[in-house]
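First to last, the sequence lines map onto chains A and B. Going by our numbering, the first sequence opens with residue 1, and the numbers climb by one from there. Going by our numbering, the second sequence opens with residue 113, and the numbers climb by one from there.
Simulated from the structure, these hints should not be mistaken for laboratory data. All figures in this text were calculated on a predicted structure; none of them were measured in a lab. Watch out, some of these pointers could steer you wrong.
As the list claims (entries may be wrong) - List time: in silico SDA-like cross-link candidates among lysine to any residue, alpha-carbon distance up to 25 Å: (1) A:Lys40 / A:Leu83; (2) A:Lys22 / B:Gly153; (3) B:Lys172 / A:Lys9; (4) A:Lys9 / B:Ser195; (5) A:Lys41 / B:Gln193; (6) B:Lys164 / A:Ser105; (7) A:Lys36 / B:Glu154; (8) B:Lys164 / A:Lys9; (9) A:Lys22 / B:Glu154.
Claimed, not checked - Some chain B residues flagged as far from chain A (calculated, every beta-carbon gap over 12 Å): (10) Ser144; (11) Phe174; (12) Arg179.
Yeah, the Cβ is synthetic: ideal placement off N, Cα and C, and Gly gets one too.
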Amino acid sequence: DTAVSQTPKYLVTQMGNDKSIKCEQNLGHDTMYWYKQDSKKFLKIMFSYNNKELIINETVPNRFSPKSPDKAHLNLHINSLELGDSAVYFCASSQRQLYGYTFGSGTRLTVV
Amino acid sequence: GDSVTQMEGPVTLSEEAFLTINCTYTATGYPSLFWYVQYPGEGLQLLLKATKADDKGSNKGFEATYRKETTSFHLEKGSVQVSDSAVYFCALSDHTDKLIFGTGTRLQVFP
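Bound-form chain B, shown alone (with noise of 0.2 Å):
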């Protein structure tokens, strides 16, 4: 069926820093991917999203880019702030509308 894998985590990062969480899946058709994020204590919330090969979403500086030809949707952000310590979820909607999602990474960013 379906999948999504993500990197391990934790990333360890200083602020200001480059950020990549790779993100691959595996699907029969043509998913919609997700991020979304879990800050300490609370629920998630959609990062940002792309429904088509080739798209790129985008917010609050982070971004991914849906690579079919790679099955990725890596995330991206140029430079980290301690705000966006939280746990990363990719994730893939199939044609059955439910969310399949990765396994998490969790991000520490250091002063």
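Same shape as in the complex, but just chain A (with noise of 0.2 Å):
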């Protein structure tokens, strides 16, 4: 059973668009997070959730919007997608952050 899953693997769309990308997990952790990962490999937080709560709200366009339904899931809307959207996006939880992380296999998103 996969820990940390996302959904769609791979997105091609155009700027300007809207897009979403889900993610669940089935750890029971509380905290569910997105990193952007760029084409040099950097990557940077960008949101975390705990148990529903916005906890994490790095520096984001607004167009870059997460949800959380329940404490397993945590989606990330896009909206008027730009070329520099490009990137790889990672969902991942923890239960404590003393144990580290454990992510998903990642979207990876082109903006064309």
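Grab the two chains, each in its own frame, and use the hints to assemble them into the complex.
Rendered as structure tokens:
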């Protein structure tokens, strides 16, 4: 069973479109995250939720809106996509940061 | 703010060579330290961790020791294999419960 699953794995879309990426974890973790990995492999946190409550909201354009319907799901909606949004987006979860995160396999977003 | 600095890659080695990937950190408190590995086309996997000074994390032949005096967490392996080729990320978790990553170091191991 996949611990943290993201869909879709690949997403190619045109500028200006709106798209969503879904994430689900079956580990019973309380906290979920979205990270963005750019073309140089640099990873930066975007958001974190703890039990459906937004905890961390880094400097991210407000075109990005996370939604957590329950503590097992954290979706990412992106409005008016731009070329610079092209990246790999990783979802992750943790029970306590002391023990590290479990990452999903990533969603490669390409905006053309 | 807190940060992690890793050596630039790629690191290119022959099979069975000794590996060291340097990692130093800057943190105001006492962070937990991690090494993650990303194989091509995959997500990140936790390789090892250490939660306090002088702790040694180890897994799959890799080791790293939390050195508070030098603010370092260098990754080592005595004999690398081709299958170890991947990108390695050093990270720390601060009091805000977020992971802060280094820029990653690509390791290439040739037969």
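Each hint, compared with the structure:
1. The suggested pairing of lysine 40 of chain A with leucine 83 of chain A holds, with an alpha-carbon distance near 16 Å, which does not exceed 25 Å.
2. Taking the CA atoms of lysine 22 of chain A and glycine 153 of chain B, the gap is near 19 Å; set against the 25 Å cutoff, the hint holds.
3. Under the criterion of a C-alpha separation no larger than 25 Å, the hint pairing lysine 172 of chain B with lysine 9 of chain A is inconsistent with the structure, at around 28 Å.
4. Proximity of lysine 9 of chain A to serine 195 of chain B is assessed by CA-CA distance (about 24 Å); at most 25 Å being required, the pair is judged to hold.
5. Restraint check for lysine 41 of chain A and glutamine 193 of chain B: satisfied, since their Cα atoms lie roughly 23 Å apart, inside the 25 Å limit.
6. Taking the CA atoms of lysine 164 of chain B and serine 105 of chain A, the gap is near 29 Å; set against the 25 Å cutoff, the hint is violated.
7. Annotation: proposed proximity of lysine 36 of chain A to glutamate 154 of chain B holds, straight-line Cα distance about 14 Å (limit 25 Å).
8. Distance check on the hinted pair: lysine 164 of chain B and lysine 9 of chain A sit about 36 Å apart at the alpha-carbon level, beyond 25 Å; violated.
9. A hinted pair counts as satisfied when its Cα atoms are at most 25 Å apart, and lysine 22 of chain A with glutamate 154 of chain B qualifies at roughly 17 Å.
10. The claim that serine 144 of chain B is not at the interface with chain A is violated, since a C-beta of that chain comes within 12 Å of its own (minimum 6 Å).
11. Against the 12 Å criterion, phenylalanine 174 of chain B stays outside the reach of chain A, whose nearest CB is about 14 Å from its own CB.
12. No Cβ of chain A comes within 12 Å of the Cβ of arginine 179 of chain B; the nearest lies about 19 Å off, and the non-interface call holds.
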